[in-house]
Amino acid sequence: MLSKSFKGISNALISIFAGFIVGAIVMLSFGYDPLQNYQNLLVGAFGDIYSIGETLRNMISLILTALGFAVASKAGFFNIGGPGQYLVGWFSTIAFTLNFSHLPGFLLITGGLLCGAVAGGIWSMIAGVLRAYFGTSEVITTIMLNYIALYFVNFAVKNWLAAKGSDSSPNIVRKASLNTNFLQEITHNSTFNWGFFIALIVVALIWFYFNKTRSGFETKTVGLNESASKYAGVNVKRTIVIAMLISGLLAGLGGAIDGLGNFQNISVSNNLPSVGFNGMAVALLAAENPIGIVFSALLFSALQIGGLSISVYSNTPSEIVDIVIAAIIFFVSIKYVFELLLKKRWFAKKRVSEKEGADK
Amino acid sequence: MKRKVLAFLAATMMVGTILVGCGNNSATSKGTKHSAALVTDGGGIDDKSFNQSAWEGLQSWGKSHNLKKGLNGYNYAQSNDDSDFLPNINKLVKAKYATIFGIGYKLDNAIGSAAKANPDTNFAIIDSVVKNRKNVASITFKTEQSSFLAGVAAAETTKTNKVGFVGGIQSDVIKTFEAGFKQGVKAVNPKIQVDVKYAGSFSKADVGQSLATAMFNNNEDVIFHAAGGTGAGVFTAAKNSAKNGKKVWVIGVDQDQKADGAYEGGNVTLASAVKKVGTAVKDLSNQAMKDKFPGGKVVTYDLKDNGVGIINDNMPSDTWKVVQSYQQKIKDGSIKVDPK
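Chains A and B are the protein sequences, given in the same order.
In short: position in the first sequence from 1, add 1082, done, that's this note's numbering.
In short: position in the second sequence from 1, add 26, done, that's this note's numbering.
Simulated from the structure, these hints should not be mistaken for laboratory data.
Be aware that a few hints might be false.
Said to hold, decoys possible - Taking lysine-lysine pairs in the DSSO-like style, the calculated list, with each CA pair at most 27 angstroms apart, reads:
1. K1302/A with K1312/A
2. K316/B with K347/B
3. K273/B with K160/B
4. K223/B with K212/B
5. K157/B with K1246/A
6. K201/B with K1246/A
7. K120/B with K1246/A
8. K201/B with K362/B
9. K142/B with K316/B
10. K316/B with K95/B
11. K120/B with K323/B
12. K157/B with K330/B
13. K1312/A with K1294/A
14. K362/B with K330/B
15. K201/B with K223/B
16. K323/B with K1246/A
17. K212/B with K95/B
18. K1240/A with K223/B
19. K1240/A with K201/B
20. K355/B with K74/B
21. K212/B with K188/B
22. K1240/A with K366/B
23. K1257/A with K1246/A
24. K188/B with K318/B
25. K272/B with K330/B
26. K1257/A with K142/B
27. K1246/A with K318/B
28. K212/B with K185/B
29. K188/B with K355/B
30. K142/B with K122/B
31. K120/B with K272/B
32. K157/B with K1257/A
33. K1240/A with K185/B
34. K273/B with K1246/A
35. K1246/A with K366/B
So that you can see chain B by itself, here it is in the shape it has in the complex (with noise of 0.2 angstroms):
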């Protein structure tokens, strides 16, 4: 038996030497400048919000210019722990990336020593500033100005004068959007309740769901929700009361959710305030091609550059023209928001 098994491990390592010595040395390529890549925070490329507006900027980028998914072009590496930030971003770098975009702030700390020991790449981090290093730029958006029409939006099309707001985890970044939904909400009718959740997560589209159907049994009748995949869970409830005869909307987030409130027989998406991390991508992407990648600056995109914005999914067209009006306030200036 003993050699059954001891022949059955040299056919086992006799198949790993073939592997190994077969096929081209992949391993081994020559850096351009035109190939950029992505690490995702733990969402995949396809997670409907954040990760996947920045994978399609990237391919949009890529696109434009002719450029292949792969080595030499422009590729991502899905995180699925937070211990694989680092050997992602490292995997990126030795497969020569010329500019290497961590998406999302719980990447800083790995895009920070990642730069330092790399200095002859481009990093660039969005939604957290990296200080200190020539080579990262930070990207940061003003969602508290999308999130201002986001609740300009709410106030105007409740019955109830109950709104709601369903964050992800508290930080920073999520803060501005519930400071720019109140603070909407309250130029349009300050008598108008905004109830404030969190669900601790971003991934849990379960907590979503209990949060969002206690909220509309309160009789509120807008969520606004900045919680990514918790967020599909918003839109379940929405839907299921819609169904049951009661009418209530969900304001997306990053992206146009308008299929996300689709059922059968209509659609509870009110509107989406969306962030282009991809157009970031895209925009940054082109710089680094041209020898101008702002490496050490911090990159700021708002409602003027058309960074973050209101689409219009199932407004009528008078609320519609109250959200544009509080937008061209907002970019003449005659409306500061406040991020906190």
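The following block holds chain A by itself, in its conformation from the complex (with noise of 0.2 angstroms):
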């Protein structure tokens, strides 16, 4: 167990180490400083306490989808909806804390976020149900449930929240924020907001919940073997429709605090909410482990965090930073020619004993 999760962190930093590399030659071949971007990347994330506060609220909702990324894959299945769950989490949310503003703030905070949380969990479920009982492809329902998501979200901020004309509902109240004068104090006016706590806390979780529980078993053995896990007496199509509940519920939550947290308010978008995806990039690089999830979202945010410094103190474009992003999920992916060079050079002996040890 334990050589097997070093075998999975040395996998996620040689692809980091490579993706940094890749950039570093691009960047060399276009005429720019790697050494000095790098630095201003690395100063744009974690340089001051602003900084830092920003790259942990990014941190939020990237930890959040990438866990119900996680939670679904553990089970066999690809859940590409984060994104339309967010979406519908961040706007039940929004909807509730506004028409609910008289509500003393504790109230409407918790209110507000499990009804996001909850929102996002029917609308992974849709998916989880056709799949479970249909067998409908839960890649296909899921993209699909992504636009409408999209769509009706657009439409209904336009029609029931936002005023005339304008295309952004109003903002939530003082008292609903998660982003509390404390810590804007604490952070010199960051974006942090408790939403950070909430999420170490759901990570917490979904580790007790798949190392622990019952239910966390049977989810890993649905996706390890369908018909195995149905021989040994797990109930399928309840365990399929508990993890996409699951899955929506995580990235709803996501959406519910990025809307109390940082946004304050919804407006129409154009594109599905890229968190939703980036989620699913922190989770790969993870290699789905809770724990990791978290290490890897930094990593992310701080790319993301600093890459917004780029452009400003050099003349480096900022999409740089997507191809070092890209390249790592690139070499994550690639990750079984990783394998099988280390296999071959420096862990045959220790394959060999985790082989005989470890399979619990």
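Hints in hand, dock the two standalone chains.
In structure tokens form, the structure reads like this:
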């Protein structure tokens, strides 16, 4: 078990390193200074308390959408519906908070978050039910549900929440915000909010769910082999629906926290929120390990927030960061090649002992 | 194996430390009055429309004062997502840019809150009004006037008596284009039908193309678009139609879009209803330089001061004359265009 996760970590680190090398090569070939840019990136992400606040805030939704993807993936499903579930969650939270703004702050926040998570969960469960009872491919249904979510939310924001002529809702009341004055003060007006701690608690809960509960175990067995787990007495259909439900709850919660903590309102969007897709990349880099997701989200968030600094402090276009991110994902996906190399050269002995002992 | 991984970790951390250690401390710099930067609203600085026009204005301002792109000069920060607005603005504040532009009404919330937290920095918002902030200048354009002229051009050109309008997202700003266009068409010939369609997005060229194709098939032969990147699809549809032997026209928006209408054997851009975001950016940067930044005010650009206008791309001279005569009437006030 231990050496398995070490292998995962070394895979991830090699991919990250290779991604940065690719970025450096691209920058060099266009005449930009990679060391200077990477330094700007690092300073931009962690240079002062404000930037750290932004980087940590950006992690929240990455962690939650990544966890959502990971849960479905452990059960053997490719839930591409993260962006839609995130959006539905964001919308429901804002709609709830705007309509019940007379409630006391605590109830408003818990109610809002619950509302967002449940909405995301139900959205995802539609695909789960279709998969479990009708065998519909969840890849297709979640992609399509993304678009339904996008256009439905745009319609709803425009017609129900926004003032006439405007295309964003009014801001939520101050007491419903997760970004309190106290946090603003200590992080020099960054958008860092309490949602970060909620996300960390959720990470612990999901870790607990997979490693210590029966339902989590069943989810994993269904992911490994559906027929075998059916034979072993697992209610496969129920497990599928539950896994998709949890997956959507998490993505929806991500949208809810971003709504209350970061945006404070919701606007008509041109495209699906990219965080839903980035969450998938975060989960892949972390090999779907809940603890790994925290670190992987930190990396992605630092790249995104630090990346904004690149064009401010040098002439390099900030798109270079997208190349680095894409390269990292590319190297993660071809990890089989690394595994083969590692197996042949360094870990030959370890692999044998792992196979004997670790299949827990 | 553990040792190997640890060694690898240590190596990575060392590289990290070196990265931090070397190089000069670029994050600190002295602020001067002569620096300005802009934050895009989601499109890039090469969107052939709104953001590009703003960036070109800022570049030309910088060059005319011998400034360089970068700290103490002029710069941009590109937003990939709405959540990037505030971090982008704050990064520019930290880098001590004296004047910061929010390009597009989507940034008004972010500009408002950044202005509250940084009262010593000049902020400007395009296409929206941020109230009660003494350090925010709000820039608006009377685009209904240029759109009126686009309507005149369309009405003078159409042979089918059917023209079309493709908008991005329905909002107050885009509604002024629609309203002006309709009034311009009606002023020439009240019998001409105006078909109004919204794509629901400023960045979906495919939606623009399918909308425009349907409209051309419906015998509409001139389309005015106010849809940013979505408009690229309108041009594609028009060029396809022209290549198949059915000549149709597109009226471009924001920038001179003549180049977008070129295809082998011709050009489909009839005219362009320009909105000189770049001029506004340049003006305000100059005013900020002279300590005359119009903070707390609403600055309006119209036909008279060349903030909006129409460019003749492929109109025959008699059409152009009619357009110009209407332009004169709007300028001297004998025609008033309603923005709604």
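Structure-based check of all given hints:
1. K1302/A with K1312/A: holds (12 angstroms)
2. K316/B with K347/B: With a Cα-Cα distance of about 40 angstroms, the restraint between K316/B and K347/B is violated, given a limit of 27 angstroms.
3. K273/B with K160/B: violated (51 angstroms)
4. K223/B with K212/B: holds (18 angstroms)
5. K157/B with K1246/A: Roughly 18 angstroms between the alpha carbons, so the hint for K157/B and K1246/A holds.
6. K201/B with K1246/A: holds (12 angstroms)
7. K120/B with K1246/A: violated (36 angstroms)
8. K201/B with K362/B: Distance ~16 angstroms between K201/B and K362/B Cα, so the pair holds.
9. K142/B with K316/B: Holds, because 23 angstroms separates the two Cα atoms, which is no more than 27 angstroms.
10. K316/B with K95/B: holds (20 angstroms)
11. K120/B with K323/B: With Cα atoms ~25 angstroms apart, K120/B and K323/B stay inside 27 angstroms; holds.
12. K157/B with K330/B: holds (26 angstroms)
13. K1312/A with K1294/A: The given pair, whose Cα atoms are some 21 angstroms apart, holds under the 27 angstroms limit.
14. K362/B with K330/B: Given that 27 angstroms is the threshold and the Cα spacing comes to 13 angstroms, the pair holds.
15. K201/B with K223/B: Holds, at about 12 angstroms.
16. K323/B with K1246/A: holds (24 angstroms)
17. K212/B with K95/B: violated (46 angstroms)
18. K1240/A with K223/B: holds (16 angstroms)
19. K1240/A with K201/B: holds (14 angstroms)
20. K355/B with K74/B: violated (30 angstroms)
21. K212/B with K188/B: holds (12 angstroms)
22. K1240/A with K366/B: holds (18 angstroms)
23. K1257/A with K1246/A: holds (25 angstroms)
24. K188/B with K318/B: Violated: K188/B and K318/B sit about 48 angstroms apart, past 27 angstroms.
25. K272/B with K330/B: violated (37 angstroms)
26. K1257/A with K142/B: Given that 27 angstroms is the threshold and the Cα spacing comes to 19 angstroms, the pair holds.
27. K1246/A with K318/B: violated (35 angstroms)
28. K212/B with K185/B: holds (15 angstroms)
29. K188/B with K355/B: holds (25 angstroms)
30. K142/B with K122/B: At roughly 16 angstroms apart (the allowed maximum being 27 angstroms), K122/B and K142/B satisfy the hint.
31. K120/B with K272/B: violated (55 angstroms)
32. K157/B with K1257/A: holds (23 angstroms)
33. K1240/A with K185/B: Between K1240/A and K185/B the Cα gap is close to 36 angstroms, so the pair fails against 27 angstroms, i.e. violated.
34. K273/B with K1246/A: Violated. K273/B to K1246/A sits at ~38 angstroms, over the 27 angstroms cutoff.
35. K1246/A with K366/B: Holds, at about 12 angstroms.
Hint compliance for this structure: hints 2, 3, 7, 17, 20, 24, 25, 27, 31, 33 and 34 are not met, and every other hint is.
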